[in-house]
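Colleague: Listed below, chain by chain, are the residues.
4 protein chains.
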Amino acid sequence: MIIQVKQDITEVQKERLIKEINQIGYKITEVITQKGTYLVGIGSAEFDIRKFGHHEGIQDIHIVSDAYKLVSRKWKVNPTSIDLGDGVYIKEGDMAVMAGPCSIESEEQIVKVIDHLKANNIKIMRGGVYKPRSSPYAFRGLGIEGLKLWHELASKAGIKIITEVMQVSQIEEMMDYVDVFQVGARNTQNFNLLDELGKVDKPVMIKRGISGTIEELLQSAEYVFSGGNEKLILCERGIRTYEKATRNTLDLNAVPVLKDKSHLPVVVDPSHGIGIRKFVHQMALAGVMAGADGIIYETHEIPEKAYSDGQQTLDFAQSSQLASQIRKTFAMRKTFDLL
Amino acid sequence: MIIQVKQDITEVQKERLIKEINQIGYKITEVITQKGTYLVGIGSAEFDIRKFGHHEGIQDIHIVSDAYKLVSRKWKVNPTSIDLGDGVYIKEGDMAVMAGPCSIESEEQIVKVIDHLKANNIKIMRGGVYKPRSSPYAFRGLGIEGLKLWHELASKAGIKIITEVMQVSQIEEMMDYVDVFQVGARNTQNFNLLDELGKVDKPVMIKRGISGTIEELLQSAEYVFSGGNEKLILCERGIRTYEKATRNTLDLNAVPVLKDKSHLPVVVDPSHGIGIRKFVHQMALAGVMAGADGIIYETHEIPEKAYSDGQQTLDFAQSSQLASQIRKTFAMRKTFDLL
Amino acid sequence: MIIQVKQDITEVQKERLIKEINQIGYKITEVITQKGTYLVGIGSAEFDIRKFGHHEGIQDIHIVSDAYKLVSRKWKVNPTSIDLGDGVYIKEGDMAVMAGPCSIESEEQIVKVIDHLKANNIKIMRGGVYKPRSSPYAFRGLGIEGLKLWHELASKAGIKIITEVMQVSQIEEMMDYVDVFQVGARNTQNFNLLDELGKVDKPVMIKRGISGTIEELLQSAEYVFSGGNEKLILCERGIRTYEKATRNTLDLNAVPVLKDKSHLPVVVDPSHGIGIRKFVHQMALAGVMAGADGIIYETHEIPEKAYSDGQQTLDFAQSSQLASQIRKTFAMRKTFDLL
Amino acid sequence: MIIQVKQDITEVQKERLIKEINQIGYKITEVITQKGTYLVGIGSAEFDIRKFGHHEGIQDIHIVSDAYKLVSRKWKVNPTSIDLGDGVYIKEGDMAVMAGPCSIESEEQIVKVIDHLKANNIKIMRGGVYKPRSSPYAFRGLGIEGLKLWHELASKAGIKIITEVMQVSQIEEMMDYVDVFQVGARNTQNFNLLDELGKVDKPVMIKRGISGTIEELLQSAEYVFSGGNEKLILCERGIRTYEKATRNTLDLNAVPVLKDKSHLPVVVDPSHGIGIRKFVHQMALAGVMAGADGIIYETHEIPEKAYSDGQQTLDFAQSSQLASQIRKTFAMRKTFDLL
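Residue numbers (full-length UniProt numbering), protein chains in the order written: chain A, 1 to 339; chain B, 1 to 339; chain C, 1 to 339; chain D, 1 to 339.
Pulled out of the complex, with its shape left as it was, chain A reads as follows:
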């Protein structure tokens, strides 16, 4: 059960309401976000929604039987729009193109990528300064200093930054230098991290777990939302299967399913999804047709020299062509009037 309360509800009204709901065996979690206040009720008894609907201070009341509640489209039909400022959005009805290197490497590299993005009207740059690596001996990123440099260069150019946060202690130091926090596939169920990201007023994109289910992705988003942060984006980036001809199995089925179940925007990452440079193009366009609201991919001036993920990174010529074709494909999709 989700009860959206009015801005001007009094404490007394709220307490009376909660008490009454508790009486039917429902436990209430109060959620205060940037946009509203919600009482989320967890329980299993059946009840008549009209029993509570007449209470003062209630704006709306919904029954949501899914394990995830606040991220469900069942109570919030209008899609969530993520506003990054300066007219940059990630939202349904729009196509957000996000591109950049796997790792942020140097000032020169950042400048070259920014120039490429500007030339192609790409407004959001991806890149890692904290890199999760399966081996402790691998390059782990430039860290906060790299991020500050990147932010300085990007903000001058009017480019927004999306980058991965790996642990709670990084949130505060990164806060002023990122436009979107990314939660990586190995941290989709790092619940402490999700809890803390619920407390900040900054968009968060959550990647699907390495072998995460669609439902688990939605529940991870629920963690952040119930912590107080509604500014959420979901990302399909491929799952682990028995097939080894590709790095991951890009599960584009997840796109229409997520769009149907949730009001949050959905982004596709074809670079990790297939992991082979020459096929990223097809999978990006397939992602658009599957219903994605954004595409995030890897590009680098000289992919062969990238510190990481070179095998799946596009060069700038390929990236220019892809960005253009993503937009054309999206324009056609809009005429089809699909979800």
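Be aware that one or more of the hints could be misleading.
Derived DSSO-like pairs: lysine-lysine, alpha-carbon spacing no greater than 30 Å straight-line [as the list claims (entries may be wrong)]:
id, chain 1, residue 1, chain 2, residue 2
1, C, Lys334, D, Lys91
2, B, Lys278, A, Lys74
3, B, Lys278, A, Lys305
4, D, Lys261, C, Lys305
5, B, Lys244, C, Lys244
6, B, Lys261, B, Lys74
7, D, Lys91, C, Lys244
8, A, Lys278, B, Lys74
9, C, Lys91, D, Lys328
10, A, Lys6, A, Lys35
11, C, Lys328, D, Lys91
12, D, Lys244, D, Lys76
13, A, Lys91, B, Lys244
14, D, Lys328, D, Lys51
Since the hints were made in silico from the structure, they are not lab data.
Following the hints, complete the assembly by docking chains B, C and D onto the known chain A.
Modeller: Okay, now just chains B, C and D, sitting in the frame of chain A:
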């Protein structure tokens, strides 16, 4: 190693050639198909291709190190075109739309589907007369009598038939009434069936196994080709993973990979690939953008009343819209000059 | 619903019974096996079992809601015992050790294996004469002549034969030379083969599909049983997962689950289950503790020279040690009074 | 390359050595643990080990080509023994039984479990005070206060504590109250957490990721070891597959493989591995036969009333029987002289 021999090679020349190849430790399988004669050499020793190239009677010689040989694009760069007659093709550069019910049910049903296909300029009808069912108590199809009736009605209408063959003994009786034999996902590694289909002169579409790898699909095609039948089509229909929100996980990554590795046309089945009616549309169009040469999907006048697979079957209005959008998407993809 | 009818039921009684059951919306399949006659009712309406129980000619009536019926332990509590003659059984409460090479190769090889088995009191020999191979260019087995030779040598030595049948046409020619037909992992859902094996009076061991579920294995057994053959054995041989450090993932969980759901004996194949010689031993013993009624493994005089699967095949010294330890482990398990 | 240096190596000697190794293109990470100092060299050039072996200050030098180095058995043949004090060990050649509830719930519950453990000579108690839950609305554990209470009661009784740590900030506060830190399956690749656990002198048991590979588990252990903490234990707890008849697929194959690849002790968790109470018993004993050095399982006075995981939790009578049978099975395994 693949040696394509000339039409007029003499037996003496061929024997001399085989003997010499045997001497470097390669075992030769002679393959005679509708289109040519090939000597496939299996071995591991390295050798100088020029050593054999000068022999009389040789048209071409290629080193193919993949486990699959004759279906590889490494020796045959030109894509294979499947000609069903009357100007109907399944081939690269074209978009074959194939639609029809899961099961063939009755004359009335067949007639209605045919009318729908004709109205939408769809030339190939799918449908099952032998149904593989996990339970022995489920409907198993109308059998050969249903196929004969279907063939009579379809051929009058100029519609081609693709339908599943489940066992060796059915091949002969079905032979005159099908345009494309389909090998189902549970029979992808039914090697006896593949051997026998190698002996007929009729196109065969092989579906990827329920949890088959891309390489296994190519090796299954190799079985049919090496048996003597080059007229092959590959089909991605979703694989089995841990994700249960959808019936299967449609692995569109497989499309560009298969197109890259093989000269055979590749078809996508979004109906089985996602298994949920309202999302078939998006996955079909995603399949087109991923590079498919054809789309095969399920349609029925009243999906709710279909004998099987109703939950993933489009009604005729949805099918008409989809067929049109598949073609528009394909037309756009062609302008992108992708694989 | 399963109705076991009495031997002396009259046709009139049976027809009356069937008619009455049809009236509540259940479809009846009559199954006649070596051991009895059953009416299997498929439907979804709830009904009072007493409504039919009073009919003449009925021995027993059970409600079985699983998709599989006749192989369920819900109606047949007593475990099925497979009697191979000469005091050789595969059954609960006993430990059947089955060993032999992957492929039958030559008279010399057969003789050596038989001598090894006799020396270790192993009564059942495994081996392949028809080999399913993913590549058409690989060794496919000695065929029926190899089987005849093997049978001659084995029957003299009092050794029983279990071997794979790959297609319907092989059943009749193999019939007189095998003691147990094996259905391989690629044929678990070859429903035509299962149908035909339902018509013969010879034990059938069905291996779990390469990525088959436990329920699918039971349904495949249901095919054979409902075809008329109750003499069935189930085999866990590892499933396909993302883990590539081992050939397959031996799913020993399946053993207690299958034993709980079905009255059929369950065998474990550790050789295919892990695929690495030095670890077969541990997995065989683990299989015993998981509750297996039999262990089937690969052994060869010189594994390195085996035509196939050498990497997972034990030499005779290893095999002798394993057979002894399997029995000791089983003897201890019996004292534990587990399922 | 792993170079174990002598205790009395001088800084000058060490610098000279590192410089020389750098010259062949290897990057050196210096690792100082409770037990020794190691230089781990990462590079790909081939070199003659004798080139460095003569240097002063070197105790041993090994080439380890695996991605994981310090946890490999290739350089350290002797198994790692984890000493918890008071004669309690987790080590090869021994069988550590660890039992307790999923969640720590109350003083009364703790006391009852401790009494049960003492009565059965079980020395290590498991239990969660921080619970990773996929839903934000579920019970998340008693936290640090619960741990303190538990520690007070357990230490009086001579019982050791193993419990999950979920994030970096918990390490310090938990430090004095745990005997073994557990890293849960959702945190196996939480690299920041692993880094920090490398800095403490306390044993750490790492569970295999929900769909983690065997190699990833070893690399996660490498993180902790290379951070300075050698006191490591690996735990197989089931992986995610397509099979839904059981909670997870317990991959017992992993046990002999891990024992072969690494010198670290390996523990099996049958409770999460199968997730069904009545089958935990068989899987525990199968784990012993597969080669486990310890078994960790869930028990509760009244499983039906447990706050979490009740469906897979044994009652005390079942637990007593299991502990005894684990020991008997292990005693028999020892006579078999397996790995």
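Colleague: Check whether the Cα positions of Lys278 (chain A) and Lys74 (chain B) lie no farther apart than 30 Å.
Modeller: With Cα atoms ~17 Å apart, Lys278 (chain A) and Lys74 (chain B) stay inside 30 Å; holds.
Colleague: Quickly compare the C-alpha distance for Lys91 (chain A) and Lys244 (chain B) to 30 Å and report which way the hint goes.
Modeller: holds, 27 Å
Colleague: Quick one, are Lys244 (chain B) and Lys244 (chain C) close enough, alpha carbons at most 30 Å?
Modeller: Satisfied, since the Cα-Cα distance of roughly 23 Å is no more than 30 Å.
Colleague: Mind checking the alpha carbons of Lys244 (chain D) and Lys76 (chain D) for me, to see if they're no more than 30 Å apart?
Modeller: violated, 39 Å
Colleague: For the pair supplied as a hint, Lys91 (chain C) and Lys328 (chain D), is the alpha-carbon distance within the 30 Å limit?
Modeller: Between Lys91 (chain C) and Lys328 (chain D) the Cα gap is close to 25 Å, so the pair holds against 30 Å.
Colleague: Mind checking the alpha carbons of Lys328 (chain D) and Lys51 (chain D) for me, to see if they're no more than 30 Å apart?
Modeller: violated, 51 Å
Colleague: Taken at face value, is the distance from the CA of Lys305 (chain A) to the CA of Lys278 (chain B) at most 30 Å?
Modeller: violated, 44 Å
Colleague: Starting from Lys6 (chain A), check that the Cα of Lys35 (chain A) is at most 30 Å away, please.
Modeller: holds, 11 Å
Colleague: Tell me if the straight-line CA distance from Lys261 (chain D) to Lys305 (chain C) falls inside 30 Å.
Modeller: holds, 27 Å
Colleague: With a cut-off of 30 Å on the C-alpha distance, tell me whether Lys328 (chain C) and Lys91 (chain D) pass.
Modeller: holds, 25 Å
Colleague: Are Lys261 (chain B) and Lys74 (chain B) close enough, with their CA atoms no more than 30 Å apart?
Modeller: holds, 7 Å
Colleague: Checking one constraint from the list: CA of Lys334 (chain C) to CA of Lys91 (chain D), max 30 Å. Satisfied?
Modeller: holds, 28 Å
The earlier numbered hints that this structure contradicts are 3, 12 and 14.
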